[in-house]
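So the protein sequences, as listed, match chains Y and G. Its first residue numbered 1, the first sequence is counted upward by one per residue in the working numbering. Its first residue numbered 1001, the second sequence is counted upward by one per residue in the working numbering.
Relax, there's no trap hidden among the hints.
Output of the computed footprint for chain G on chain Y, the stretches with three or more beta carbons under 8 angstroms from beta carbons of chain G:
1. 233 to 245
2. 259 to 268
Here are some chain Y residues the structure puts well away from chain G; computed CB gaps all over 10 angstroms:
3. Asp4
4. Asp16
5. Pro31
6. Thr38
7. Leu57
8. Asp72
9. Ala102
10. Ile110
11. Gly115
12. Ser252
13. Gly303
No lab work stands behind these hints: they were computed from the structure. No residue lacks a Cβ here, since even glycine has one placed at the ideal position from N, Cα and C.
If you want the building blocks of each chain, they are given just below.
Protein chains: 2
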Amino acid sequence: MKNDLFLRACRREHTDTTPVWFMRQAGRYMPEYRALRTKYTLLDLCKNPELAVQVTLQPLRLGVDAAILFADILLPLEPMGAPFEFAQGEGPVIHAPIVDRAGIDALRVIEPEDGLGFVLAAIRLLKKELPVPLIGFAGAPFTLASYLIEGGKSANFLKTKRLMLSDPESWHALLGKLAEVVRRYLRAQIAAGVDAVQLFDSWVGQLSPDQYRTYVLPHTRHVLQDLEQVPVIHFGTGTHSLLEAMRDAGGSVIGLDWRTPLPDGWKRVGYDRAVQGNLDPAVLFAPRDVAEREVDRVLAQAGDRPGHIFNLGHGILPETPVETVQAVVERVHAHRKVR
Amino acid sequence: MKNDLFLRACRREHTDTTPVWFMRQAGRYMPEYRALRTKYTLLDLCKNPELAVQVTLQPLRLGVDAAILFADILLPLEPMGAPFEFAQGEGPVIHAPIVDRAGIDALRVIEPEDGLGFVLAAIRLLKKELPVPLIGFAGAPFTLASYLIEGGKSANFLKTKRLMLSDPESWHALLGKLAEVVRRYLRAQIAAGVDAVQLFDSWVGQLSPDQYRTYVLPHTRHVLQDLEQVPVIHFGTGTHSLLEAMRDAGGSVIGLDWRTPLPDGWKRVGYDRAVQGNLDPAVLFAPRDVAEREVDRVLAQAGDRPGHIFNLGHGILPETPVETVQAVVERVHAHRKVR
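Let's have the full structure, built from the sequences with the hints guiding it.
Listed below in structure tokens is the structure:
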């Protein structure tokens, strides 16, 4: 591997510059991705290893220090018995959302080779020639459960919380199954060759710390326990009140969104962890000089302590100007860290 | 006034029981409100003082300790020059969202009597016979600006943040106008007779503390400065990282959402403020015994310190069972505070 900056920062080793990559760095803001999407659906791209490799490599021209496998957090749901599709402009639609215990009991606790082999094949192909580390990923049990129960995106996660609060036994049965599948899936990705993994608990910021510790933490811990072979990034949005609990659940790198000031967040998760973040994705819509000023602010807040990976506080938005993404990479790399 | 429990708690005086009211306590979850809505639109109800009074009084049968004027935070926008409507099931739609400086310059800094007289008339009618305190309210400058710029609800507040970051001069011109109107509006409500006011900065939790202090705090402070005649409740959602900054902007009572543990939030805003909150609105969809257990948890977390007003962490959701709302009121009132 020519460039291991990202992995060294994950291990909190000194690096002269700060590594940078972006959540959803392969996606609709790139013209070459949009060109592919005129011929293929999102799921086509995920399920065909050659195409997934092609998309994964697209953002490397921007100079990012890591590649993240092109896939979707929902992929394990189909082989578990919950097929879904991406409706035009509306996000994912689960064909038969879970409404009762029978729906939970019917979910299969699969082996990754059994239904997710295309992901592992893409990883093996990618590892042959990648100049930067490859990040694998999965959705966390809470976030996956919310899609299964709500049937798609949700504003207030009402059905999810109703099951969680009203029928904790069924809730824990559901999260237990998801956690075991995600645990196996991340391990299979590591065995196939990824250099790091990120667990996306994108919507867990809807919960209070009490709710998180009671209904989520044991399952996330099951996923992340003994996952010491590679760096593990644990990420969610709107998690300012959950940071200590998420750290307790696991992860050698904690992802911070832009609402958590980096010095405050790092202090709270502890300096024995690395941190990733946390530029507001909306900043990429501002003029270049404003975006650069905001990059400088994040870098100044991170300071020279080893263990900061530059990223956004959430995924790149589809309409983001690609030139600004490029400018952010250059600005991060122009900054020198003092040992 | 027969029952001043709410006002005494706002002033942090000892009360034997904790006062309780609910954001959006007059609304679609009540059958008598739905019955009225078959004949009138939401704006009809707001603009006719007799109807607004009728709706304001509806939830009093639940035994709440305060009434909140039936109105909408967007009402000042129409007389300012930005008319809107509520589209079926889609929330507010601003007819001509602000796209440039000319749109900001065209907004009128109105006097409340000039276009909002119906609100003040409703307050005067209500004050004649109300057995509990009456709460007036307004939307905060940031939240109003976000509707004006986005044209309605927003997932990521991209246009709002783009203006804020790219053209701070225009941003401050816009927030300055909104702040002056909201300041006058709250003062007019107090002059008309409300016993307390709440400032709703519902969506400000989208900002980082740095963004809040630079782009929002001076304007919110302008609204709340010298508003010492009545208790002032300052509320937003997803504000866990903003609490100190929101307190600095003003408010004798700080509203906490369910993601901020009450003891943590109160300590951070300081014991020289009262706090309001913070049951997760989703809890009202759980069985009665679960909802009661969660009420007990909030009350236990608040402890016996004077200055806690029981409320939800956000507005009552439209499908909430009215019996559970009733059960929560009874449970809060059954609890005794020790002096």
